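Enquirer: Here is what each chain is made of, one letter per residue.
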Amino acid sequence: MHDRAEELMELAVDAAQSRHLPGFLERFAERAARLLSAEWCAVMVFRGRETDSYQTSTGKDRPDAAQHTSLIRSARELGKEIEVRQLLAELVEAGEAEKTKTAVFVPITASDAESLGAICLVCEKKKLDKAEERLLRALASHAALSLENFRRFSQLERSKRQWVEDIDAISDYIVVHDRSWRVVRTNRSLASHLGVPPVALVGEAMSSLRQIAESGSDLPCPFCRDTQQAREEYVVASPERIFLVSTSRTPGVSDDDTRTIHVLKDITDRREAERRYRELFDSIQEGLFFATPDGRFLDVNDAMVRMLGYDARDELLRADVGPHLYPAPAARERFLQALAERGVLRNYEETLRRKDGTLLHTLQNITAVRDSRGNIAQIRGLMLDVTEQKTFQSQLQRERDFNQKILNTTQSMILVLDTAGLISYANRRCFEAGYREDELIGYRLVDWVESSHRADFEAALETTAHGQQVENLELRVRRSDASMGHFSISLSPMRDEQNAVNSVVVVMTDVTDATLLQAKLAHSEKMATIGRLVSGVAHEVNNPLAAILGFTDLLLENPQIPDNAREDLQIILQETQRTKDIVQDLLSFARQRPVQRELVHVNSVLRQTIKLRSYDFASHGVEVVEEFDEKLSPALGDSQQLQQVFLNILNNAYDAVQESGQRGRIVIRTRLRGDSIEVAVTDNGTGIADPEHIFDPFYTTKQAGKGTGLGLSICYGIVRAHGGEILCWNNSEQRGSTFVVRVPVANDASVAATLAKEAGR
Amino acid sequence: MKIQTPAGLAPILLIEDEPSVTAFLRAALERHGYAVANAASGAEGLKMLSGGKYSGVISDIRMPGTVNGAEVHAWIQKNRPELCARIILISGDTANSETQAFLAQSRAPCIEKPFRVQQLMTIVEKTFGKP
Chain A
1 MHDRAEELME LAVDAAQSRH LPGFLERFAE RAARLLSAEW CAVMVFRGRE
51 TDSYQTSTGK DRPDAAQHTS LIRSARELGK EIEVRQLLAE LVEAGEAEKT
101 KTAVFVPITA SDAESLGAIC LVCEKKKLDK AEERLLRALA SHAALSLENF
151 RRFSQLERSK RQWVEDIDAI SDYIVVHDRS WRVVRTNRSL ASHLGVPPVA
201 LVGEAMSSLR QIAESGSDLP CPFCRDTQQA REEYVVASPE RIFLVSTSRT
251 PGVSDDDTRT IHVLKDITDR REAERRYREL FDSIQEGLFF ATPDGRFLDV
301 NDAMVRMLGY DARDELLRAD VGPHLYPAPA ARERFLQALA ERGVLRNYEE
351 TLRRKDGTLL HTLQNITAVR DSRGNIAQIR GLMLDVTEQK TFQSQLQRER
401 DFNQKILNTT QSMILVLDTA GLISYANRRC FEAGYREDEL IGYRLVDWVE
451 SSHRADFEAA LETTAHGQQV ENLELRVRRS DASMGHFSIS LSPMRDEQNA
501 VNSVVVVMTD VTDATLLQAK LAHSEKMATI GRLVSGVAHE VNNPLAAILG
551 FTDLLLENPQ IPDNAREDLQ IILQETQRTK DIVQDLLSFA RQRPVQRELV
601 HVNSVLRQTI KLRSYDFASH GVEVVEEFDE KLSPALGDSQ QLQQVFLNIL
651 NNAYDAVQES GQRGRIVIRT RLRGDSIEVA VTDNGTGIAD PEHIFDPFYT
701 TKQAGKGTGL GLSICYGIVR AHGGEILCWN NSEQRGSTFV VRVPVANDAS
751 VAATLAKEAG R
Chain B
1 MKIQTPAGLA PILLIEDEPS VTAFLRAALE RHGYAVANAA SGAEGLKMLS
51 GGKYSGVISD IRMPGTVNGA EVHAWIQKNR PELCARIILI SGDTANSETQ
101 AFLAQSRAPC IEKPFRVQQL MTIVEKTFGK P
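So the sequences go chain by chain: A and B. Its first residue numbered 1, the first sequence is counted upward by one per residue in the numbering used here. Its first residue numbered 1, the second sequence is counted upward by one per residue in the numbering used here.
A few of these clues could be false.
Said to hold, decoys possible - Some chain B residues judged to face chain A by a derived CB distance under 7 Å, without partners named:
1) E18
2) V21
3) G92
4) D93
5) K113
6) P114
7) R116
Because the hints were derived from the structure by calculation, they are not lab data. Note that the structure is a prediction, hence the values are computed from the model and not measured. Cβ atoms here follow ideal geometry from the backbone N, Cα and C, with glycine treated the same way.
With the rest of the complex left out, here is chain B (with noise of 0.2 Å):
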């Protein structure tokens, strides 16, 4: 099933280490509207965003490698000040303490795994607008 994406609409960058959880996410934000980009680590996340243009940022907030969610966060503030408002991270380990100060401190949206799909797409359309 191919679901077309509005004309000049940017996609939404996906940053996730995760395939499985990068095809859920991919699944469900297309089947609703919404062009998808996606990069397998924060890195590479970083590359794309400064190459790109992008309407928004969904990214994991544990992620292996030298650049995680809170990096990408800060790389963002500083870079793409317009993007601040549009980031959605996600988290499988709220448990740590890091990731509470990093929450507290960013004010960002975050989701916590596992989520519905209902949950996920009334934070995306709440912080990106309907497609």
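One chain only, chain A, in its complex shape (with noise of 0.2 Å):
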């Protein structure tokens, strides 16, 4: 048998010994039962909701679950002070009637008095003395100051535990080490990267550790570089991985007490992100940036640099690049706004201007980073050289502008047929020649053509389907005013990208005017061959002529030729006159007379002509109309000859109307027509036979022996000496004919060149 004091001096060492809270506390149990002499006693440990039961072993009588649980509750209803109580009959075993059992609670209680948890003791005991309770409350203040100090080094316990298991989780490498180079921990992650236990690393040389990686110093931790520096953050690399080493050193009182803590960063991935980054940043052709939004750039990549002829990068990062940069500020301000309002910007157009002071023409596309306060911050972009583009697209418009010219300007009607001839495209000439856009657009260009050369055309068309060119295809047209015009028409087949005739283009020009030049041309040199022609006959013809006529007259004087003789004379005589009055003609007609150059009142002239033949006209029922324009200017030239031109005329006209048998009327008007004075002689006459040749020489239709054949001819050939034309056609409304003779009007300046001209003779 203990002694008492012995026994809670052997508790006391049990408790500071102790580690482990369960046997302490079973431990504790049996003593508290040894020293009350109790059958059982039991340690309760209150730990939330929950009770702890630490029991005697021993014992014969053991409370049942039922009553243990029981004596739990009672004791959790326990107060401050040590309680008794009769256990209840049922617990009292059979056959042991007369042995009264109690159960005697202590409260555990902590120094902030806290209900740590009960002592149970059950004995037979029905009440405690003063000795007894002594030594119970005893017992309770060992046990609460144990459970206390249980309870405290468990937390630290726990704490410590969890903060290993803190710096374990961390994936980071962590070493510690101290001034003698030893390891002193190091975390799991660094552990099972060299394949060990973490405590298998403690007490090992730092330099064990450098197959992690290397800071590259002659220390003989790899990871320290300056170990008087209370801070270090480096990065450093083994051939596989990128660590960025973050080094702490806590100086303490003992060398021992130095650690130095590095932990390592595993920022290979990070690294190669950036340097995929970077490689993509200065690798892509884009220009990228980081701006300021007063126009700083932060940071630029190399395809931006080169974009602005920049030769560096820092060159660029330059504060006072942005004015350069900026043609309008105006435009920059715009910007700002835009970007301001939408925080985003695609595709957005800005002119830049680079170092050389060249254009450049930018595609952006812009990002706003802002701040706190909703104010723009950075901007970041992407930019796009389009100035080529834009080139080229004004080139193209350039030259579509050219080609629209070309096609608004042209004198030729161009238009454009689709493979069934109907017009897709009329260019603007068309219209100026009065055509109308909703009758032709749509509509078949063939139906334009006059009838009789249709089926050219459409052949022309076929051709042109099947891939060939047809050029200067003259047909008649219809006008706009119905008219029909002689056009010159080319066909040239347009082809898509697979190379079928999808289009034919038409180019259609109105050679009516160039025809009628060109006959006139014909015409007029004809005339003036057949003027030169006639010149050399008429004199090689006048020799003999003035020898039969000389010799016929001479024989004609003789008295004795027989009268038989002298009437075959006369024939001779009469013929040879008619012969010469025929080579005079064609002298007068050759003759290139001088023109007297003077004023002449074409309308007084014409009055004479008609008094000339008045009487023929009144006596034979033919109407003369004058429709005279009374104010017109003079013409400049000889008014004996025109007068001749006129009466050739007239005399035509008048023959012309004799034959028709109808009433005669023939209109004269004159009218100023440009610069010249036009005179027009319409009659209701038999018409022209053949008005292309009525000017030739010899040309009549006049019954043989009433004309020579060369009146008209004489005229054209004076028409032409004053610089004037003489036309004639069949009437298209009536019957007839008309004649037209232009002749220039006498301007200030003929006048005065006439003038000066006699002035010199």
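From these two lone chains plus the hints, build me the complex, please.
Expert: Written out as structure tokens, the structure is:
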């Protein structure tokens, strides 16, 4: 039997040495039972709503589970004082009725009055004496102290374990070493990197960690660089990995206390990402930039530097680049406003100025980065050089404009037909020529072609549809005013990408005037040739004619010639005379008689001419209508010769109306037409059989002997000598024909020239 | 038939390259009492003029060879000024602008071929006087 004091001391020693709470408490319960001669003892420890009960393992009167639970319940209801309770009868085993059992409860209270638990003893005593109560209280104090210590200790243990777990949970490598370069501690990440448990490294030399990475210093620690620094941060690299090493040094009172903590952060992936990003940033063909809202670049890539024509990135990052870069400050303002409103600008076009001053057309995608107040803090963007496209575009535009201009200004009508011959395009000239869009577009061009020429046009279209070009097809085409014009038409096939003819370009030129001019030229050339021929013939004929006429005269003067011979000679004379007249007419046609240049009032010349024939007109019922422009300017010319022309035309008109057998009507109009005075003589006679040859010498429709066929040829010569023209055609609306004579009006310059010439004579 | 020419009166020089015309002119003039000498070209005419005495000259304008009517006229003006007013020109080609210019400038009378005997004699008598 232990002495009580000895038991208590052992208890204290046990409490100080025990690391295992349940074992200690069980021993405690045994001791308490022994000290108080109890049959059973339990140390009940409250853990929240749970109660852990540590009880004696021996004793014949152990409570069963239900009794135990009841005891715990009682313990939890315990106040601050010791309580002694009679145990219920049913708790008392049968056959031991005379034995009374009591349960003694002693609260275990912490120093801060927290109820930690209770000590419960089951014994046969009905009450405790004072010594026993003191002992119980001392035991409770011991229990409280031990529980509190255990609790603190386990908290410490837990937090220490937690700490190690936390450290181990960090994926970064952590190693702590002392001043003698020995490993004090590593975390699990580092150890598992080396394939060993963390404890295996404790006490090892730091140099054994060189395989992880090396900072390149001569120190025994591969991660130390400057031991004088309290903190260091740098990147070390192994062939495979890159680490950011953060080092902290905690100086202690002794060498052993001095700790160096290295945290190695594996930044290989970040570095790689950064490297890739940089590589992309610099190798990309688009310009990338970070800029401040006031236009200063924070970072730009190589493409951007190149694009803007700078030699180096730093040059572009200088603060004074902005003003040079933006040629139009107003445009810059607009840009900033748009960015502030929308935050993101897509395909924003901006013109910048390169270093050398040339303009750079850019297409930008911009994102604004805002600060906490919502102001734009940074501008990030991607920039494309579209100068070439711009140039190309403007070149294309210029070309298009040029083509459009050609199409619009050409004097030819240009149309595009689809393969069915329907007009799909007509240039401006077509509309200037009077055609309307709604009568061209969508209609067949062939419908405008004169019916007799349509087959030719269709054939040409067919040829073109087969890929052949048709040039200078001359066709008569209806003009917008319904008149027929002479058109030169070229058709070219237009092909699609597959080289198939999908449309036909038609170029049409109204060559009516040109045709007319050509005819006139041919005519005047012909007339000149005839003139030279006639002149030569006339001259040669005149010599023999002179001899014939002369000798005939001499013979007739001879009185010895018999009368019958004389009659024959008269015939010779007469025919010679007629030959002479013909030759005279021929000569006067061919004669380049200089035109007397004087002011001629055409109206009065016409009136005189009409007067010459007025008797004939009146006696044969031919009506002559004068429609003169009384304000007509004078012409410059030879009134005698012009009278001859008018007389000739009037004679022809008279003959024509006489022949027709109808009531003759001759209308004579004068008017100013451009720089010419135009005289038009219209009759309602028989018309002209062949207007194209009427001015040819010897062309006559009159019966033999009535005219030499040279009258109009002579008129032609005279009018040409006046610098005018003479035309004739059959009337389209009524029978008969019209002759037109045009002579130049006498303007100031021509009068002055004439006067000067005359003064010089 | 022989017609006497007045004695002492110098002949008229006829310059004409066309023989039929020469023949007709000679016949007409001689029948009206004029004495006639003739040259077949301008060159021959000038030769005769410089070597002989003539009361007047009738010359064709257009003649082959180096000397034409205009040059004959110019030669006379220069070398035989007394004959200047006694020249009659004959033309078969008044349509020619050169001829026209010459006629306008010379003011000499001109007969256009073909012509009647009466036309010829009127001008001859007016220019040379009656024989």
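Enquirer: Which of the numbered hints above does this structure break?
Expert: none
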